[in-house]
Amino acid sequence: MKVISIINQKGGIGKTTTAINLSACLAELEQRVLLIDMDAQANATIGLDIDPARCRKTVYDLLINEETPFEDVRCKTILDRLDLLPGHMDLAGCDVQLAQSTNRPYRLGHALQRVDGEYDYTIIDCPPSLGVLSLNALLASSDIIIPTEAKYYATKGFDMLNNMLTTISMQLGHRIHLMGILITMFDKRTTLNRIFYEQIHEYFGDKVFKTRIPRNITLSEAEVYRKPIIRYAANSTGAKHYRRLAIEVLFHE
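Per this note's numbering, the sequence shown runs over residues 11 to 263.
One thing to keep in mind: the hints can contain errors.
[Said to hold, decoys possible] Taking lysine to any residue pairs in the SDA-like style, the calculated list, with each CA pair at most 20 angstroms apart, reads: (1) LYS67 x ASN53; (2) LYS161 x ASN172; (3) LYS198 x HIS187; (4) LYS20 x LYS237; (5) LYS67 x CYS85; (6) LYS67 x GLY103; (7) LYS12 x MET189; (8) LYS217 x LEU39; (9) LYS237 x GLU40; (10) LYS20 x ARG225; (11) LYS161 x GLU212; (12) LYS12 x HIS187; (13) LYS237 x ARG42; (14) LYS220 x LYS237; (15) LYS161 x HIS211.
No wet-lab data here; the hints were simulated from the structure.
Whole structure, please, built from the sequences with the hints as guidance.
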């Protein structure tokens with residue numbers, strides 16, 4: 011099972027949109043996919059038309075109580091091969107509640123060991139911060155995808171994230187592979203977008219996905235209707251680009 015964290019401590023750059031739609035497109039490619047919503051805002055959960063308040067258990071319960079049955083947390087979605095571990099606002103208190111736990115960074119990874127072999131991919135929608143929730147996600151992950159806009163300020167958080175990855179590798183002995191930088195909300199008509207895309211590509215080289223997610227109203231509409239883009243507008247530009255991304259991920263080595 012390949013575990014991929016979608017992470018960037020900056021909000022509003024298409025992180026949750028990517029987590030939902032990459033998961034859906036991988037499922038469409040007949041992959042068994044588990045999407046984990048690690049954000050207290052629970053936008054990935056809501057984006058799949060699941061109400062966190064109506065879930066019997068959420069990923070919060072899985073982190074706080076290691077005895078929580080996985081089946082009590084796992085939710086089916088509208089896609090046959092896509093399951094969800096829902097987020098909840100209670101996740102905001104995990105830093106405090108797990109403060110005395112010696113294994114607090116490893117709880118998600120331990121939980122995923124229970125279902126190793128049941129899924130081809132696990133996609134984790136990380137919160138826009140580098141606290142205990144993101145640390146749990148990273149220590150459970152084999153790979154990360156960093157979504158970002160092609161703008162000057164959007165790349166400023168890369169150094170902080172890179173420092174965290176270095177610390178995880180050196181102090182905790184867990185190496186995480188950067189699968190790729192994903193350019194989101196791209197507008198090729200905008201000169202600055204093109205300039206900063208070239209700068210990102212020059213710095214990261216082949217670590218930048220060939221697929222660029224365009225700024226697209228249909229993707230925003232799909233979020234309002236709480237559906238993955240392939241279920242809201244299967245032939246739209248947004249659906250086409252997320253399918254391309256899924257193929258890149260599928261054939262990534």
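Tested hints:
Proximity of LYS67 to ASN53 is assessed by CA-CA distance (about 16 angstroms); at most 20 angstroms being required, the pair is judged to hold. With a C-alpha separation of about 19 angstroms, the suggested pairing of LYS161 with ASN172 holds against the 20 angstroms cut-off. At most 20 angstroms may separate the alpha-carbon atoms for a hinted pair to count; LYS198 and HIS187 exceed this at roughly 29 angstroms. The hinted pair formed by LYS20 and LYS237 fails the criterion: a straight-line CA distance of about 24 angstroms is larger than 20 angstroms.
About 9 angstroms separates the Cα atoms of LYS67 and CYS85, which keeps this hinted pair within 20 angstroms; it holds. For the given pair, LYS67 sits about 16 angstroms from GLY103 by alpha-carbon distance, which is consistent with the 20 angstroms threshold. The suggested pairing of LYS12 with MET189 holds, with an alpha-carbon distance near 11 angstroms, which does not exceed 20 angstroms. At most 20 angstroms may separate the alpha-carbon atoms for a hinted pair to count; LYS217 and LEU39 exceed this at roughly 23 angstroms.
The hinted pair formed by LYS237 and GLU40 meets the criterion: a straight-line CA distance of about 18 angstroms does not exceed 20 angstroms. Taking the CA atoms of LYS20 and ARG225, the gap is near 18 angstroms; set against the 20 angstroms cutoff, the hint holds. Simply put, LYS161 and GLU212 have alpha-carbon atoms about 14 angstroms apart, close enough for the 20 angstroms limit, and the pair holds. Using a Cα cut-off of 20 angstroms, the hinted pair LYS12 and HIS187 holds, with the two alpha carbons roughly 11 angstroms apart.
Between LYS237 and ARG42 the alpha-carbon distance is near 18 angstroms, which keeps this suggested pair within the 20 angstroms criterion. Among the hinted pairs, LYS220 with LYS237 is inconsistent with the structure: their alpha-carbon atoms are about 25 angstroms apart, more than 20 angstroms. Restraint check: the Cα-Cα separation between LYS161 and HIS211 comes to about 13 angstroms, which is no more than 20 angstroms; the hinted pair holds.
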